[in-house]
Structures are given as structure tokens and as C-alpha cells.
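Enquirer: As a plain string of letters, each chain reads:
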Amino acid sequence: MDYLRMGGYADFVWPAYGAAAVGLIGAFVITWRGLKAREREFETMKRQRRGETS
Amino acid sequence: MTRKRRRLYFIALGLFGLFAGTGLVLSAFQDNLVFFFSPTEMAAKKPSTGQRIRIGGLVENGSVNKNGETVTFTVTDMTSSLPVRYTGLLPDLFKEGTGVVVEGHLGTDGVFAASEVLAKHDENYMPKEVADALKKSGRWQETAAKAKTIAPTAP
Amino acid sequence: MHKYANPTVFMGLANGILPWAGMAMALLFFAGLPMALIVSPADYQQGEAARIMYVHVPAAWMGLMIYGVMAAGSAGFLIWRHPMANLIARASAPLGAMFTAVCLVTGMLWGKPMWGAYWVWDARLTSMLILLFLYVGYLALADAFEDSERGDKAAAVLALVGSVNLPIIHFSVTWWNTLHQPSILTMNGFTVNAAMLWPLFLMVGAFMTYYVCILVLRLRIEILNAKIRNARRARAAEPAVNGATQQA
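Residue numbers (this note's numbering), protein chains in the order written: chain A, 1 to 54; chain B, 1001 to 1155; chain C, 2001 to 2248.
In short, the hints are calculated from the structure, not lab data. Don't take every hint at face value.
[As the list claims (entries may be wrong)] Think about it this way: if two alpha-carbon atoms lie no more than 20 Å apart in a straight line, the pair counts; the simulated DMTMM-like pairs of lysine to aspartate or glutamate are:
#, chain 1, residue 1, chain 2, residue 2
1, C, K2112, B, E1116
2, A, K36, C, E2238
3, A, K46, C, E2238
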């Protein structure tokens, strides 16, 4: 398809958008996983505390 | 004076000193911070032949001559000009009337022997039709004004 | 103003903003990406390579803006000891580093075909690389010390000192001869044609709202971290209170 050739600049335009996508999606995935891991850690901690006091 | 206030003054004063000091240092090292000199600046500096230097300006209209792999052209800042010889691939934005930075040394024959040619883009973005219309209506940016944006520190 | 220094109050506000920012981000990307990649015209000099600008320029602006947020947060932390200001700075740093890296990579990919070189050591490129190093330095310092309070202070000082680089980056193209083109924002407005300016603004908006969304998520992480740390500290102190043997 002619559009994908980007007027001969395909080797530069697509990697540039790829790099931006990797950066933005990567930062989101790392953040989301980190958040879920912290939430789990916090939950287990709360449960342990309850176990200790009861 | 509360501790908060004292910390505020301390940090504000520190930052002020830091900014002022950095400004002084940067202006002292002006010559080492510019990426290239204009042909006028080079004429004033008189670099020894063989000394590696970067010169920037506009490619003079009608000055580009291609001879096989070798190309000769003139770099100008509208005050002084410098003939340049270069062998190799040219970047896509290299064109007559647009900005260029050449790296190399001044030859004994007064011609600048470039080992690298970099095209300098200006800050104007527009579709081709708009550029054509501007040229047709005569509102196209003057070359001299353009040379000023290529090398802002040029006299 | 100072009531937002309270993490509970602040996070209530931040969590309320999140769905709206998320929706705005989705809309802006949905409109901005087709505009940037398909609808916008090719440039009269750069051709289709000009499309790189639509990710490069917003990434550069975000890299600078987030550093400003980080420096302001650090100042708020050092002067008024606002815990929330410090958390905002900490949560922003990785995002600023990411945007700066995206700016540098996309700029290199533009530079090769247009200038004829991926990289040159001119004032703009060099000062932007220093910005990335400042972010990396901040991140390293913020996590370097066991005692997180000391690490936070050292990192905040670095963030403030590094803020001297922001005007240098912005004015580098006017103060010195650089290969990088001057700013598209001049005294007479933008030097970009409207057909290309709108896609650019949409992408700037998309990146901004993205930052807001991820920042809120990262703030939740920072707050959970603080809670977990405090709970651990409290538990470590308990056995001593109960008279049980405790190892240092």
C-alpha cells in the first residue's frame, strides 16, 4: 500500500510512532502492574494485622 | 522569622545565585556553545588552514554545481560568502536558498573542504499549496530575514 | 490551597478527575492520531517526514513541563514540607523521563533523513540530553537511601538545581547557533500552518491528559507505599513495647 511507504520516509516515521507507543503504553503497563502489586501487598498486610489482633 | 519563611528565602536566594552564575558561565563560553560560525564570523576569526570548524548559512541561489559525486556551492550570510567543496551524499533538505551547516577545514585555495554537510531546517511548517500561494503573492520570506533565523548570533 | 497538602483531600480530588481525564485522553488520541498520520498535509520541504513532529514536539513539551511540575513539587516539599508535593514530584519523574526519551528518539529518527545525521552535539540536543540525565539522577537519588526521607530531600535538591536547565533548553536555539530549528512559537504566533497546527494541538492534549491519568495512578502507588512503610515501622516497634526480644 502506497500510504504505508510515507513518501519514502517509512523507515523513520513508523519507528518514531512506534517509539512513542512503546513509551506511553510501557509506562502505563508498568504503572498498572505496580499499582496492582501494591494493592495486593496492602491487602495481605491488613489481613495479617486482623489475624494478629483477633 | 518562621522556619518555613527562612527555608523559602534560603532556597529563593540559592536559586537566584545558581541562575545568575549559570548565565555568566554560559555567556563566557559563548564561542564553545555555538554549533557553527557564520561566514562573517569565520572571516573575522581567520582559522588556520586545516583547523576543523563548522560554518553555517544559506546555500546561495544558483551556486550549486554537481560534478559526479562532488558538489560545490557557496554558503552565505548575506554579508560574506564562502565557497565549499564536498564529496558524498547530501541530506534530503539540502537545497538552494535553504540553511546548511558544513563541517571541514579551509583549504589553501580558499575553498572550504567539507567532510560533512548537514541541512538546517527552519521553523516553518506548511503544505506545498500554501508555500506556492505565498510565493505567487510575493509574501514569501525575504532571504536576508531567513539568513537571520539560520544564524541568530550572526552580526 | 494548603488544604490540598492533605493526601486524603488531594486524592479525593485526583480520583474524581481520573475518569474525565481518561475519557478526554481517549477522545484526543482518537481524533489526533488519524489527523497526524492521515488527514494533515505533507510539508512543502520535509514531505511525509514532517509527521514525526506530531509526536516529537508534544513529547518535548511534556518533558519540559513535567520537569517544571517536579521542580515546583520539590520546592513545596523542601520549603513547606508538603508531603503531597513530594509525592507528585516522585510520581512525575518516570513519566518526564519517558517523554524526554521519546522526544530524543523521535528527534533522531527525524534528523537522519532531514539533517543527514541522527545526532549532533548542538546546544539544543545536548541540553535535552542533560534533562534526561537529570530525570535519571532524580529517580536514582529518590530510591538510593534506606531512609526514604533523606533520599527524597537529596532528590528534591537535585530537581531544583536542575531547573536551571529549563530556560537553557528553551532559549538554546536563540542564544546560540544550533542545528536544531528555532521554536515554532514566536512573538507573532506559531510558524506552523493551521492544517498542521490542529493535529499538533490534539496530540499535545492527548499527551497532557495521558500524563494526568498516569500521574493519578502513580500517586496511588506512592500513597500505598507510604502506608505500607508506616505499618511496617509500627509493627517493628510493637514487640519492643510488648517486651519481646527484638533484633536490631
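Enquirer: Which numbered hints are broken by the structure, listed smallest first?
Expert: Violated: hint 2 alone.
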